[in-house]
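Given the coordinates of chain B, work out where chain X should sit on it, guided by the hints.
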Amino acid sequence: MNPSPTFEDQLTALLPRLRRFAHALSRNSADADDLTQAAIERALRSKSQWQPGTRLDSWMYRIIRNLWIDTARGRARKEKFEAPPEEAERVGEDPRDGMHASLDLKRAMVAMQRLPEEQREIVALILVEGFGYREVSEMLELPIGTVSSRLVRGRTALLAMVGEQ
Amino acid sequence: MTEMDDKFFAWLDGELSGDEAVAMEARVAADPELMRLAEQHRAMQARLKSAFDTVAETPLPERLQVAVRPPHAEVIDFRAAARARDARRWGSLPQWTAMAATLAVGILVGTAIQPHTNGPVEVQGGRMYAAAALDAALNTQLASTPGGNTRIGLTYRDQSGAICRSFTQPQASGLVCRDDDRWQVRGLFAAPEGQSGSYRMAAGMDPNLAALVDSTMAGDPFDAAQEKAAKQRGWR
Chain B
1 MNPSPTFEDQ LTALLPRLRR FAHALSRNSA DADDLTQAAI ERALRSKSQW
51 QPGTRLDSWM YRIIRNLWID TARGRARKEK FEAPPEEAER VGEDPRDGMH
101 ASLDLKRAMV AMQRLPEEQR EIVALILVEG FGYREVSEML ELPIGTVSSR
151 LVRGRTALLA MVGEQ
Chain X
1 MTEMDDKFFA WLDGELSGDE AVAMEARVAA DPELMRLAEQ HRAMQARLKS
51 AFDTVAETPL PERLQVAVRP PHAEVIDFRA AARARDARRW GSLPQWTAMA
101 ATLAVGILVG TAIQPHTNGP VEVQGGRMYA AAALDAALNT QLASTPGGNT
151 RIGLTYRDQS GAICRSFTQP QASGLVCRDD DRWQVRGLFA APEGQSGSYR
201 MAAGMDPNLA ALVDSTMAGD PFDAAQEKAA KQRGWR
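Those sequence lines, one after another, are chains B and X.
Under the numbering used here, the residue at position 4 of the first sequence is numbered 4, and the numbers go up by one with no gaps.
Under the numbering used here, the residue at position 14 of the second sequence is numbered 14, and the numbers go up by one with no gaps.
If you are wondering where the hints come from, they were derived from the structure by calculation, not from laboratory data.
Built from N, CA and C at the ideal position, the CB exists for glycine as well.
Treat the hints with caution; some may be incorrect.
What the hints assert, rightly or not - Stretches of chain B that chain X covers, calculated by requiring three or more beta carbons in the stretch to come under 8 Å of a beta carbon on chain X: (1) 18–24; (2) 58–69; (3) 113–121; (4) 147–161.
As the list claims (entries may be wrong) - Straight-line distance between alpha carbons at most 16 Å, and here's what the computed EDC-like set of lysine to aspartate or glutamate pairs gives: (5) LYS49(X) / ASP9(B); (6) LYS7(X) / ASP19(X); (7) LYS231(X) / ASP181(X); (8) LYS231(X) / ASP179(X); (9) LYS47(B) / ASP34(B); (10) LYS47(B) / ASP104(B); (11) LYS49(X) / ASP13(X); (12) LYS49(X) / ASP104(B); (13) LYS106(B) / ASP53(X).
Pulled out of the complex, with its shape left as it was, chain B reads as follows:
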C-alpha cells in the first residue's frame, strides 16, 4: 500500500550491519545481540526523534555506541570488585594462534577487546563498517584529528596482534 518503506522496514534492513558493529564492540556474541536488541528497543521508543530524510544508519550506530558505553561503564564499576570471569577463560587464547589467511570471528573479537574502547569504536566504524573519517567525527562528536590519531593507534595495535600474513 505505502510505497515508502516504514521506519521498521528500514531498521530491519540495517540489522545485519548493526549486529556486525555490535560484535566489533562486544566481548561475545551474546553481549553483542543484547546490545543490538537494546538499541532496537531504544530506537522504537525514540522513533519520533529521528528525522525522516536523515540517515537512519548513523542514528542507529550512535544509539548502539552510546548504549555500549553505558554498559561498559556500568560493568567497569561492578568489576572493580570482582575478577572478570572471561579474563581467566581468555588465558592462552592468543589471537595470533593459527592466524592464516582468515581471521575467524572469535579471534577478531578477542583482538578488538584488547583495544582501548575509544580506539575500538573508531576501528569498528571505519575499518569494519566503512564510514569515512568525517562521518565518524560527526557521529561521535570528535575532532577529525582525534578520530584519525585513534584510528592509527588502534590499527597499529591490531596489526601487531594479528600479525602479518
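Structure of chain X alone, referenced to chain B:
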C-alpha cells in the same frame, strides 16, 4: 603519532584528495618500507572485515526480528478478562469458545497442517497430538526459556486435573493438555495475516486462544516454581 602517520593512513583509507593524494602515492611508491606497511594494513583490514562480515551474513536471531516488530503488547489478565466476559451475555457459556476453538482446529487440519509432513502436530486415532520439535519444546521448555521456534506461554491444570500449556510458534499458537504421556492439541490458531515469522508473546495472546485458556483453566496459572516442579514430575 606523527603527522606523517596520519597522512599515510588517510591516504590508505582514501581520505586524501587532489595533490595530497598524488604526493603520498608517489612517496609510498618510492619507499619499499611504506609499501610493505600499506600492504600489511590492507591485508589486516581485509581479514578483520571478513571476520565481522560473517555476522552480517548469518541469519538474524529471531529475537532481533521480534524486537523490531514486537507483537501487540496487549496484556491479558485472565481473571480480569473472565470477570469482564461474565458481564457479557454469552460469558457464562464457555462451551461456546471451546466449540469455536474446535472449529478452528478442524479448519487448520484440513488446510494449513498436513498431518503427514513434519508439521508441529500429528493425528492419531482421530486425536491431534504435538509432534517432533513442538513436542520436545513442550516437554522441556519453561516459560522463561528463550525460545527456539516455540515459546511457552501459560501452564496450568484444567478442570479434569490435566496439565495444559499454551505455546506460540511463528505460524500458529495453540493449547495442549497432557493425555497420558503425550500432549493432545486442544486448539491451534493460525497467526493473523502479516504476523507469521514473528512471535505473538503470551502477553499478546491470540484472543481465541485466550478464550480457550480461560474456559479450561481451573485455578490460577502456574508460577515459575510450580512450572518447574511440574516439569520434574513429567507433567503429571
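* Please write out, lowest number first, the hints stated earlier that are contradicted by the structure. => Structure breaks hints 2, 3, 5, 9, 10.
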